[in-house]
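Engineer: Sequence:
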Amino acid sequence: MKKFIIWAIIIILIGGAIFYFTRSKDDSGRYVTARAAKADIIQTVSVTGEIVPINEANVSFEVSGTIKDVYAEVGDYIKAGDKIAVLDDSVIQSQLREAYLELERQEDILKQSRRQLWDDMSPDEKSAAKLVVEKARASVWTLQKQAKKNVLYAPIDGIIVKKYLKKGELAMPSSPVVMIMGEGGLEIKADIPESDIVKIRIGQKAKTTFDAFSSDEIFEAEVSFIEPAATIIQDVVYYNVTFNILTGDDRFKPGMSADMDIATAEKNDVLAVPGQTVKTEGENKYVEVLIIGEDKKIEARKMDVKTGLRGDDGMIEIISGIEEGDEVITFVNE
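The numbering of the sequence shown is our numbering, which starts it at 82 and goes up by one.
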């Protein structure tokens with residue numbers, strides 16, 4: 082019985098050795114590969130933007146006060162100089178009436194002095210009498226100027242696209258009452274982080290979709306302006322970029338959100354492999370290529386490569402190091 086067990090163990094070991102060495106000669110099942118082939122590689126930057134009027138104006142009062150009336154509604158077309166809204170000016174009108182009465186009183190006193198006492202008055206007394214009238218006149222002028230600030234006028238021709246405040250609400254100098262979209266069309270603005278802004282250039286095209294429309298509807302836009310100054314948003318540095326809409330649509334409205342893929346680089350018909358096959362060792366990059374020798378033995382050979390553009394689909398350009406048709410190892414089954 083012991084001899085039987087010993088021989089059984091020996092047979093199992095021999096069989097295992099035969100299997101191992103046989104497997105090492107036909108090892109193709111261990112490797113998952115991808116063939117190096119010619120491809121088009123496109124690199125894009127994806128951002129989210131918003132449609133805004135090219136020519137717009139947020140119109141606000143210069144002074145604070147309660148809104149007495151708003152004459153413009155969303156959708157109204159107005160011309161520059163049209164009255165948009167007025168503040169409650171009852172207090173300043175009362176002050177203005179009192180200032181007018183005071184001016185009249187001082188002018189009457191001056192006239193009376195000129196008729197009765199002027200020849201007996203000294204030059205200083207005459208100057209003082211005139212100065213009182215001038216102060217009263219200046220007070221009227223100042224109140225008139227303040228009263229004009231209680232009326233809000235349109236600075237440009239256009240359409241009212243937003244109404245922020247209504248009758249009875251408090252207006253502040255920093256609070257717009259309405260937004261006017263001027264006669265200039267629409268554009269898209271987007272904030273792009275500093276990590277991507279170095280890839281953006283004037284004239285680059287962007288495939289654009291809008292949340293308001295079907296994802297199958299793709300519009301084209303073009304980078305028209307890159308703001309040189311940075312904007313900090315939640316401790317991240319961004320740069321505001323403006324896009325011209327090249328394929329317009331009557332359905333576009335200010336405030337619509339846009340998803341844009343900006344084509345920043347493109348190479349056609351270049352040798353490429355999946356990005357995960359390229360590994361780094363020190364300052365060098367390499368791939369492992371599957372080599373089958375004359376004895377049918379499979380070998381993974383390390384090949385130094387020089388890479389180029391990395392595409393959005395995960396493919397990376399190979400400038401040199403391997404040839405078209407080489408089987409590059411992507412995964413090894415242990």
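Everything labelled a hint here was simulated from the structure, so no lab data went into it. Some hints here could point you the wrong way.
[What the hints assert, rightly or not] Straight-line Cα separation of at most 30 Å, DSSO-like style, residue types lysine-lysine; simulated pairs:
#1 Lys244 x Lys334
#2 Lys288 x Lys348
#3 Lys243 x Lys288
#4 Lys216 x Lys160
#5 Lys270 x Lys288
#6 Lys160 x Lys288
#7 Lys348 x Lys247
#8 Lys270 x Lys243
#9 Lys288 x Lys226
#10 Lys230 x Lys216
Quick caveat: nothing in here was measured; it's all calculated off a predicted structure.
Engineer: With reference to the structure, classify each hint as holding or not holding.
Structural biologist: We went through each hint and held it up to the structure:
Between lysine 244 and lysine 334, the direct Cα distance comes to roughly 15 Å. Compliance with the 30 Å bound is thereby established for this hinted pair. Proposed proximity of lysine 288 and lysine 348 is supported: the alpha carbons are some 18 Å apart, at most 30 Å. Restraint check for lysine 243 and lysine 288: satisfied, since their Cα atoms lie roughly 28 Å apart, inside the 30 Å limit. Only pairs whose Cα atoms come within 30 Å are accepted, and lysine 216 paired with lysine 160 is rejected, the gap being roughly 38 Å.
The hinted pair formed by lysine 270 and lysine 288 meets the criterion: a straight-line CA distance of about 14 Å does not exceed 30 Å. For the given pair, lysine 160 sits about 36 Å from lysine 288 by alpha-carbon distance, which is inconsistent with the 30 Å threshold. For a cut-off of 30 Å, the pair hint linking lysine 348 to lysine 247 is broken: about 56 Å separates their Cα positions. A distance of roughly 18 Å separates the Cα atoms of lysine 270 and lysine 243; the hinted pair therefore holds under the 30 Å criterion.
Restraint check: the Cα-Cα separation between lysine 288 and lysine 226 comes to about 52 Å, which exceeds 30 Å; the hinted pair is violated. Between lysine 230 and lysine 216, the direct Cα distance comes to roughly 21 Å. Compliance with the 30 Å bound is thereby established for this hinted pair.
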